[in-house]
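Protein chains: 2
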Amino acid sequence: MNFKIDNLQYCNWSREIFKINREAGLDAVHVTIVYHEDFDELQNVISSWNKHFKENSDLIFLGNNFKDIEKAKLENKTAIFFGFQNCSPIEDNIALIEKVHEQGCRFMQLTYNNQSLLATGCYEKNDSGVTNFGREVIKEMNRVGVVIDMSHSAEKSTLDAIEISEKPIAITHANPSFWYAAKRNKSNDLLKTLANSGGMLGLSLYAHHLKDSTNCTLRSFCEMAAKTAEIIGTKNIGIGSDLCLNQPDSVVEWMRNGTWTKVKKYGEGSKNKPGFPKQPDWFLDARGFKNLDMGLKKVGFNENEVNGILGNNWYHFYKGIN
Amino acid sequence: MNFKIDNLQYCNWSREIFKINREAGLDAVHVTIVYHEDFDELQNVISSWNKHFKENSDLIFLGNNFKDIEKAKLENKTAIFFGFQNCSPIEDNIALIEKVHEQGCRFMQLTYNNQSLLATGCYEKNDSGVTNFGREVIKEMNRVGVVIDMSHSAEKSTLDAIEISEKPIAITHANPSFWYAAKRNKSNDLLKTLANSGGMLGLSLYAHHLKDSTNCTLRSFCEMAAKTAEIIGTKNIGIGSDLCLNQPDSVVEWMRNGTWTKVKKYGEGSKNKPGFPKQPDWFLDARGFKNLDMGLKKVGFNENEVNGILGNNWYHFYKGIN
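If you're matching them up, the sequences are chains A and B in order. With this note's numbering, letter number 208 in the first sequence gets 208, and the count goes up by one each step, no holes. With this note's numbering, letter number 75 in the second sequence gets 75, and the count goes up by one each step, no holes.
Just so you know, not all the hints are guaranteed correct.
Copies of the same chain look alike in the list, so a pair counts if it fits in one copy or across any two.
EDC-like cross-link-like pairs, simulated, lysine to aspartate or glutamate; straight-line CA separation at most 20 angstroms [said to hold, decoys possible]: (1) Lys262 x Glu136; (2) Lys235 x Glu303; (3) Lys298 x Glu230; (4) Lys99 x Glu303; (5) Lys227 x Glu303.
Keep in mind that the hints were calculated from the coordinates and are not lab data.
Just need the whole structure built from these sequences, with the hints factored in.
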């Protein structure tokens, strides 16, 4: 059986988008449900997801483990896996990891762009690595089955997390910096260490992570995937599109500024380009998986490898979570 | 006018202790009201302090600025200044700094022993310095008038804070490491930079910060003060006793472990000595200020210098806060 998985989306969720994901044939989507929310605020987010599940039960359901990806395939639905892009919901309390796992959380970034209580984000000047609390949290995430996601973390912190974690970790949405040296993209050394430890890289389709941004070509993206496969093999590469469909620009402003600064920060954007960037025309939404399928074959991947990148590799990774 | 100030106590507060502080002639005490509490939990702590103020209005009142130290002296009371030993009450929200200031907070440590969102604590392996959020917070603390306290912070973070802050900072309770190389004590370089920037060092009487612990002699302590004065002058030295009178050992366990670890940590203690250490017999409580007065004179300080160390230096520092 082949699976199609997008391992990162943060859309302004609606029935329309769930339909698009079904049209794209996605059997599973890892959805970001938290940026800066604390534990109480998380409860509100989960309530609104319960409404989505109720109102769209013909299209989606909450995924708990890899078997739900198989189930989704059989039922022509999309399994939704919850994830956090920051560790804010666990606050300073290690006991909350088990709680958020019970509530469906399967991926948690140890940091967003800034320093967290657990590790250093990629927008900090210095990176002190995984902290005392971070070590305890990684152990507990391993125990209960929440994947450590280092997409927005700094390099030493990520290497520390790989070393400390007894289970493979993930970079759910980023690209290699050899292709485009964005702060959020990752070095070859890091990607090799990640893959050697069984970790996954989800290639991002977010314009700020792409060479030539919105004008990035399908060919350039797929050549990057081929070069990445030369470096780390084909088995540890997937897709984490970082699609933010229908989100107003106020959301990206909140993602960047939260409540931590009084002076506006532009993150990956700039004063002249403060909002969400446009998607490249060959990946306007998840239906672009079809273009990826063609494009990846064109640069030399065989069918098996393409199926791996477009979903099977993530499926096998999910098998190891619990 | 001469003032007596103990710039750090965390006692199990009762009328008995407020009386002892009056007997010791303390015109002001900076009291720790927070270790791990968040903003909501802080509200409960403040409620219990309001009860203390009401029931002991003949002995104590809430201090807002240096004028309340003068008022306390005239009225034979002790002005109580609130402080936090961690930044947990401001959570991830810069707007809460103004709120906690309104509620009386005048000192806030950027870290307790572990990494915080603002800086690195002295028990971490690596120190990345003041973070992005930390820079914003220091600006805001300067603006509203909350003193940056780096007693439990790592060295680079402390040097960063001194550099970033437009106002002098404080190390309210620690000793020089030349005398006793505890993790919590401070290097000569750091103390020089602190004093050169107008910052204050409050010498600690907590056994874990003392050479020979509980058996430390008054003479040894006062000789340390004299040597410190040789290095940084006499004007930037005060007392921050770190007295924890009548606290059960469960409190020091909570201070060290909070909710961040499932494996018990002993901090400055050890498995065999997990509780609060005993005070040296010449400083069982604040009435030991009398012994300090004698002891400091004995090692060569003149009366003016002793009065500075026992309170006037802190009084002048308070003058610059707002």
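Evaluation of the provided hints:
| no. | hint | result |
| --- | --- | --- |
| 1 | Lys262 x Glu136 | between (32 angstroms within a copy, 8 angstroms between copies) |
| 2 | Lys235 x Glu303 | within (13 angstroms within a copy, 76 angstroms between copies) |
| 3 | Lys298 x Glu230 | within (16 angstroms within a copy, 75 angstroms between copies) |
| 4 | Lys99 x Glu303 | neither (40 angstroms within a copy, 60 angstroms between copies) |
| 5 | Lys227 x Glu303 | within (17 angstroms within a copy, 76 angstroms between copies) |
Figure legend: structure checked against the earlier numbered hints; the only hint not met is number 4.
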